[in-house]
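S.K.: Listed here are the chains, written in short residue letters.
Protein chains: 4
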Amino acid sequence: MWLRTSCEMSFDITVPTPFILMLRLRSGVQQWVAREEYRLRPTVPVFEFTDNYGNLCQRLIAPPGPFSVYTSADVMTADEVDQTPGAPFIDIQYLPDSVLSYLLPSRYCESDRFGQMATEITAGQLLGYDQVKAIETWLHTTIHYEPYSSDIPVSAVEVNLRQSGVCRDLSHLGIALCRSLSIPARLVVGYHYGLEPMDLHAWFEAYIAGRWYTFDATQTELIGGYVVIGYGRDAADVAIYNQFGPPVYPITQEIKVQLIEEKNA
Amino acid sequence: MWLRTSCEMSFDITVPTPFILMLRLRSGVQQWVAREEYRLRPTVPVFEFTDNYGNLCQRLIAPPGPFSVYTSADVMTADEVDQTPGAPFIDIQYLPDSVLSYLLPSRYCESDRFGQMATEITAGQLLGYDQVKAIETWLHTTIHYEPYSSDIPVSAVEVNLRQSGVCRDLSHLGIALCRSLSIPARLVVGYHYGLEPMDLHAWFEAYIAGRWYTFDATQTELIGGYVVIGYGRDAADVAIYNQFGPPVYPITQEIKVQLIEEKNA
Amino acid sequence: MWLRTSCEMSFDITVPTPFILMLRLRSGVQQWVAREEYRLRPTVPVFEFTDNYGNLCQRLIAPPGPFSVYTSADVMTADEVDQTPGAPFIDIQYLPDSVLSYLLPSRYCESDRFGQMATEITAGQLLGYDQVKAIETWLHTTIHYEPYSSDIPVSAVEVNLRQSGVCRDLSHLGIALCRSLSIPARLVVGYHYGLEPMDLHAWFEAYIAGRWYTFDATQTELIGGYVVIGYGRDAADVAIYNQFGPPVYPITQEIKVQLIEEKNA
Amino acid sequence: MWLRTSCEMSFDITVPTPFILMLRLRSGVQQWVAREEYRLRPTVPVFEFTDNYGNLCQRLIAPPGPFSVYTSADVMTADEVDQTPGAPFIDIQYLPDSVLSYLLPSRYCESDRFGQMATEITAGQLLGYDQVKAIETWLHTTIHYEPYSSDIPVSAVEVNLRQSGVCRDLSHLGIALCRSLSIPARLVVGYHYGLEPMDLHAWFEAYIAGRWYTFDATQTELIGGYVVIGYGRDAADVAIYNQFGPPVYPITQEIKVQLIEEKNA
Chain A
1 MWLRTSCEMS FDITVPTPFI LMLRLRSGVQ QWVAREEYRL RPTVPVFEFT
51 DNYGNLCQRL IAPPGPFSVY TSADVMTADE VDQTPGAPFI DIQYLPDSVL
101 SYLLPSRYCE SDRFGQMATE ITAGQLLGYD QVKAIETWLH TTIHYEPYSS
151 DIPVSAVEVN LRQSGVCRDL SHLGIALCRS LSIPARLVVG YHYGLEPMDL
201 HAWFEAYIAG RWYTFDATQT ELIGGYVVIG YGRDAADVAI YNQFGPPVYP
251 ITQEIKVQLI EEKNA
Chain R
1001 MWLRTSCEMS FDITVPTPFI LMLRLRSGVQ QWVAREEYRL RPTVPVFEFT
1051 DNYGNLCQRL IAPPGPFSVY TSADVMTADE VDQTPGAPFI DIQYLPDSVL
1101 SYLLPSRYCE SDRFGQMATE ITAGQLLGYD QVKAIETWLH TTIHYEPYSS
1151 DIPVSAVEVN LRQSGVCRDL SHLGIALCRS LSIPARLVVG YHYGLEPMDL
1201 HAWFEAYIAG RWYTFDATQT ELIGGYVVIG YGRDAADVAI YNQFGPPVYP
1251 ITQEIKVQLI EEKNA
Chain E
2001 MWLRTSCEMS FDITVPTPFI LMLRLRSGVQ QWVAREEYRL RPTVPVFEFT
2051 DNYGNLCQRL IAPPGPFSVY TSADVMTADE VDQTPGAPFI DIQYLPDSVL
2101 SYLLPSRYCE SDRFGQMATE ITAGQLLGYD QVKAIETWLH TTIHYEPYSS
2151 DIPVSAVEVN LRQSGVCRDL SHLGIALCRS LSIPARLVVG YHYGLEPMDL
2201 HAWFEAYIAG RWYTFDATQT ELIGGYVVIG YGRDAADVAI YNQFGPPVYP
2251 ITQEIKVQLI EEKNA
Chain W
3001 MWLRTSCEMS FDITVPTPFI LMLRLRSGVQ QWVAREEYRL RPTVPVFEFT
3051 DNYGNLCQRL IAPPGPFSVY TSADVMTADE VDQTPGAPFI DIQYLPDSVL
3101 SYLLPSRYCE SDRFGQMATE ITAGQLLGYD QVKAIETWLH TTIHYEPYSS
3151 DIPVSAVEVN LRQSGVCRDL SHLGIALCRS LSIPARLVVG YHYGLEPMDL
3201 HAWFEAYIAG RWYTFDATQT ELIGGYVVIG YGRDAADVAI YNQFGPPVYP
3251 ITQEIKVQLI EEKNA
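Protein chains in written order, with the working numbering: chain A, 1 to 265; chain R, 1001 to 1265; chain E, 2001 to 2265; chain W, 3001 to 3265.
It is worth saying that the hints were derived from the structure and are not from the lab. Every residue gets a Cβ at the ideal spot worked out from N, C-alpha and C, and that includes glycine. Just to be clear, a hint being listed does not mean it is correct.
[As the list claims (entries may be wrong)] A partial selection of chain R residues facing chain A, derived with a Cβ cut-off under 8 Å:
hint: 1; residue: Ser1027
hint: 2; residue: Trp1032
hint: 3; residue: Arg1035
hint: 4; residue: Val1046
hint: 5; residue: Glu1048
hint: 6; residue: Tyr1053
hint: 7; residue: Leu1056
hint: 8; residue: Asp1112
hint: 9; residue: Arg1113
hint: 10; residue: Glu1221
hint: 11; residue: Gly1225
Looking at chain A on its own, in the form it has when it is part of the complex (with noise of 0.2 Å):
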C-alpha cells in the first residue's frame, strides 16, 4: 500500500540547543520511499550522517525562538505482515555475524535478568518463531497498553514492574525475553497506518530462520501498514530527536499516517 506520512513538531527555544534529528524514513528492501519532505523553521545548517546502524541522523543547533520541523513522505509498504509459525530457531553458532549485537543486554532491555521468565512464557513451544509470538501474546494480554503514559524510556526490568506501557515499552520487554533465549532482538521506530490513537509508533523485530520478521504487543492482530524510520537495540538509539542543554519539549506535535492511491498509476 501506499501511504503518506507526516510529522511536524514545534519547540520554543531559549538558549542555543543542539539536537540530533531521526526523522527521514529507512530506503531499503522493506518500504520505498518515493517522496521526501524535510523542512526547518528557521532554516539552519544541518549536518547528516549515518549511524552504526545504518540510520540517517541530523545534527542543527536549534536557535533562541520559536523553531519547528516538519517532514513527509510517500512510502509503499508491505499491505501484510509475514507471519511464518514454525520457523526455526537458529543456533548462535549459525547467526551472522551481523545480528550477535542484537543478542547482547543493551540499556533498556536487561535481558540478562530474563531467563527463566522467557522460559516459562514460552513452555512447549516450538523454539523459533513460536516462542516470539508467545512471548508477543503473553505481553499484549499482561502488560497494560498505556498511550501517552510516558515521556521517558524505561527499562525492560521496570516494565514488568509496572504491568504497564507506552508502545516502546512493550517492545523493551519483548526483547529482553528474546534475547534470554538467544533470539535477536531489535526496536523498529516509525509509524503504523491505523494507529489508534496516532502517534509515532515502536514494536520489534526477531531473527529468525534467516530473516527479521514483526511483532507488535500493542496490536491484537499484526496487520500491515508499517513504515520505518530507524532500528537500534533499544530506545537509547533509536530516539526520534536527542537534544543536549537544558530540556526543551515539543510544544505541539502532530503525526499523521493516510491512505494514497497507487502512486505511480
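Once you have looked at the hints, place chains R, E and W on chain A.
M.R.: Same frame as chain A, but now just chains R, E and W:
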C-alpha cells in the same frame, strides 16, 4: 542558494534488465535536501543499499517495454566554492586513514603513470592547493572540453592522448595527476547550476590541509551551485546507472537545474 | 615499554557451548603488537569477525570435556599516560559523528540519571579535562575499589547505591557521569602492568579537545603500561567472553603482565 | 594443515619514506592464525588501520639506513580446495550488496573490454562454476606463467597482449573475464604451500552459488595450502606494500612456507 534539480530518463527495454541506479542526492555537510522525489514507471520493487563510498544505490529489474525514471529534489547548496590559495600539502603520514584509498591508482585514473608530467605541470608551485589549481588551469587550457563527445568512460592515459574529452574525462586526468603527487583526489558526480549545455556533471575534489576542495576543469571560473549525487575513486565507482545484460541506452534524458526562492522563507 | 601479556582460562564443559571470545589485542595508534599467540585445547574451528567497535572477536563451539584458551602477546605501549589539565570541553555540534554514540546512555551506564550528581562533583572545574579528572578523583576517594568482589556487571546506578565495586563498576559510574555532562566516554578492557592484584583490567576514556584521554579510578596515580583488548560503550559491548546456553565459568584463570627488554634491541 | 609462513624484506632507505604495509594474515572463516610475529628493525612507531576490504594495514615512516620487516605466522588452513562443478550462476538481482563492487571494472581488470572474449572462452559451459573453471583452464594453457618476470602490475588488457605474466597478471585477466560475464571476482594475495619457486603468491576467487570459490591459473591442479593476506578488487587494493616518495625496492626478500605438525596436538 536553493536549487531544484531533476533528471528524467526513459528506456525501451526488450528483456528483463537488472539496473543499479545512483540517483538520490547525498545528504551531508555540503548540501541539505529538503524535498526529494523518485518515480518509476512502471512501478517495480526497489532494493536500496549504501555502497562502500556512502552513496545510496537502488537495485531493480526493469521489465520489458517503456521504462522511465524521474528524480527531483530541492536542495540548499553553497553560493560560493571555497578556495584557499596556499593551503599546504599534508605528508602521507598525517593523512587520515579514510582518504588513503584516494591516493591509489584506479580503473580510469592510472596515477602510477603520471609522476613526471604532474611534476612539470606544477613546477614552481607551493605544495598543496596551488599545485592542484595549476593542474586545473592546465587541464582547462590544454584539454579540449567537448560535451556529449563520449558515452564510454576513458582513462586518464587515453584522455591525455586524445587531448579532449567530456567533464568526466578531464576529471579523470586531473585526479590521476593529483594522486601522482601524493594528493588524494576523488571524482564527484552531480549537477551544476548554470552548466552549459545543461547535463549531469562530473568534477573532482582534492584533499588538502585537512579537507576536500572542489575543482572543475570545464569552467573558466569556480562558482557555486554544485549538487552532489555521489563520490568515488573514478567513474567505475559512481556510474549514474550500471546495467547488466544486453546494453540499453536512454532514449530520452532530460536534466534541469533551476534556482528557486529561499525554500523556507 | 615492551610488555608480555598472557591470559589462560580453562573450563569444564558439559554440553557443546557456543562462545564469543574477545582476546586478541587491538592493534592501533596506542600500541604495537609484535608477537601474538592464541592457543585452544582441544583445537576447534574458529570464525573471526570484527564487531561494530572494531574489536576482533572469535566464535567457536567448546566441546564437552576440559577446554582451555591461552593467549599471549608482546606489545609496545606508552611509558606514560597523556594528561592535559585545562584541555577544553567540545560543544556537541563540533564533535565528530563517530563519537556521538558514546554520549548516549547504555546498558550499564544510565547517564540519563546522573546530571545533577555530575554537576555537583565537578562544581568549579573548567569544562573538559578538569571535570573528568574531578570525577576520577571523586570515584577514587568515594567508591570503594574491591577487586574480585563481583563477577556480574552492575550498572552505574547500582554501583552508586553500593558505593563499592570492581574496576569495571567504577568505570561504569565514571562513564555515566561524563556522558551526563555531554562528554563522550567509553569503557576499555585490557591489561595494566603492575596492577595489584594482577587480573584483567577495565578503565575508561573520555573524549576531550579532539582526542581520547585515559582515566582510571582504581589507581592512585595514572602511570603507563596500559594494553588494550577492546573498546565499547560498557561491559555489554566488551565482554572477554560471551557464552550461550547453561552458564559456564572458568575453573582456572591466570593473567600475567611482564616487562620484557626492548624487543627489537 | 598447519603451516608456518614467513616473509623477510630488507630495504636501504635514503630519505625518510612513508610505507603502507599489508603483511598480517587475515583471520577469518578460511584460516585460523594461532601465532603471529611482526618485527621491524629498527623499531619505529606503527599505526594500524583496517582498509575498505577488511585488510589490516600498517603505516610507518622508514628512517634512512637499513630497514627490515619480518613477519611470521602459524596458521591452520584447508587441506583441500572446495570445488563444485555445476554450481550455478546467480542472477545479478540475487547477489548480496556486498559483492556488487566486485562486478565493476577496476584499475587492472578492465572487464568492460572482455565481453566477447569471455563468451568465446566459456562457450558451451553451464553458467557459473563451469564457466570460471573454463577461464582458469584457458589461462593455464594459453597465458605463459613466468614467475619473477615483472615487478610492476599490468592490466588485463596488457596481459592479454603479452600472452604471459606473473601470478598476479594471470589473476587480473581471469578476474576481468569473470566480471565481464557478471560473475563477481576478486584478487587474493598470500602464500601457497608448495609453490615453485617459493614467493608471495596471488590467485583469484569468484562468487558462485552464494559463496567465494578459489581459482589459480598458475597451477596444474588445485590443491590446498592457501594462506590469505588480503582481498581486493585487484593489485591496486592489495599491494604488500605501498611506498611514497622516491622509489625504494627490497634488496632482499625471502619467503618461506613450511608444514608444521598439528600445532595443538
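S.K.: If you test the structure against every hint from before, which numbers come out violated?
M.R.: Those not satisfied are hints 6, 8, 9, 10, 11.
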